[in-house]
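Novice: Okay, here's what each chain looks like letter by letter:
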Amino acid sequence: MNEFNFYIIQGIQHITDPAGIDHMLFVITLCAVYELKEWKQTLILVTAFTIGHSLTLALAVLDIVSINQDLVETLIPITILLTSIHNVYQKRALRSRISWNYVLALAFGLIHGLGFSNYLRAMMMGISDSGIIQPLLAFNLGVEFGQGIIVACFMLILFVATKLITVAHREWNLYISGAGGGVALTMIIDSIWL
Amino acid sequence: MIRLLFAVSLMSFTSIIHPLKMTTSKIVIDQSSKEVEVVTNFFFDDFQMHLMNLYQTDISPLKKDEKEVIQDYIQNNFIISFNTDGIINLNLSSAKFIEKNVLQVHMKGQIISTRQLEKIDLTNTLLLDAFPQEQENIVHIKLKGSEHTKILHFSIQESMQSIDFK
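Here the protein sequences line up with chains A and B, keeping their order. Counting along the first sequence from 1, when you hit position 90 you're at 1489 in the numbering used here, and nothing is skipped either side. Counting along the second sequence from 1, when you hit position 138 you're at 214 in the numbering used here, and nothing is skipped either side.
The shape of chain A in the complex, shown without the other chains:
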């Protein structure tokens, strides 16, 4: 395996790893408010998140920005909690509010990018011989691909839930956002007290 492929796989594993669900949970909570027919909006939303986290991941790996990782680990579940609260109080992804969702995804993506950087820097500093750019690009590609897998699985489950089992979308949103918020709340408590 060459280094480029290695970092792609690391990116996929990092975001899809069931042992560490923080980033995955954010993507799922972010998508909860959207219906199947709004798949295009979901793609734009995920792209906004991607732009956000790619930007800070690059800045952090290139050592242009540096933020305390303990703070980042507290901020990541806060982004999930705020997204879930936003989802619950937003009856559905109304056209007028869609742009606000994108801004939220972009802004919170900036925080998640800082979370990815800790992992990538620890993995490549003094180890990778192919400089910084190549592993950074490969890792980002892996994260994007992993994100795509998560969204595809989410949409499939959404289809089963709302079309086959005929769960009302409002209830679906409450379940997913409530669960996301609950997990995030526990993460916040853990990161503050442990």
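Careful: at least some of the hints might be erroneous.
[Unchecked claim] A few chain B positions that, by computed beta-carbon distances, are all more than 10 Å from chain A:
id, residue
1, H126
2, K140
3, N152
4, A171
5, E175
6, Q186
7, D205
8, A206
[Stated by the list, open to error] Lysine to aspartate or glutamate pairs mimicking EDC-like chemistry, simulated, CA-CA at most 16 Å apart:
id, chain 1, residue 1, chain 2, residue 2
9, B, K176, A, D1462
10, B, K226, A, D1528
11, B, K218, B, E113
12, B, K226, B, D205
13, B, K218, A, E1472
14, B, K184, B, E111
15, B, K97, B, E212
16, B, K218, A, D1528
17, B, K176, A, D1469
18, B, K184, B, E144
19, B, K176, A, E1402
20, B, K242, B, D197
21, B, K220, A, D1528
22, B, K97, A, D1416
23, B, K226, A, D1469
24, B, K195, B, D161
25, A, K1562, A, E1437
These are computed hints drawn from the structure, not numbers from a lab. Fair warning: this is a prediction, and the values are worked out from it, not measured in the lab. All C-beta atoms, glycine included, are put in the ideal place defined by N, C-alpha and C.
For chain A, the structure is supplied; the task is to place chain B on it using the hints.
Specialist: Below, chain B alone, put in the same frame as chain A:
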């Protein structure tokens, strides 16, 4: 609202922030000078806690005694055998922080085998006894002068691996 509360309470028991239980190492083999260089990145909090449990020594001052503890630990848990002719004795050349919580350790050793490189047996049990389920150790192996890098993953299930260079 009852359903929302149910979902919150159900999922609140499964909280996990992304765990980073990992070491990454690079082995550079220089066949002409018969030298092996090993660089390993440790998450310092895990490493410090584990060595405290094993040696009852806090390695945080990183002075001579602490470096001896680090060397002893790596010698026992990162074992390179070259052509099955014997273990390479690794000696610590430096240990420094490259991030607030990332300690980078450099080790060097001499190849005993007089034959051309045919096989490397590598045992990597770094922190596996501390975090048997979560710990993952990644090793990049590079021959000096070659573009190609071999990458190996070590875990509790697979802590010994061999690479054939024939």
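Novice: Check the structure against each numbered hint from earlier and tell me which ones fail, lowest number first.
Specialist: 5, 12, 13, 19 and 23
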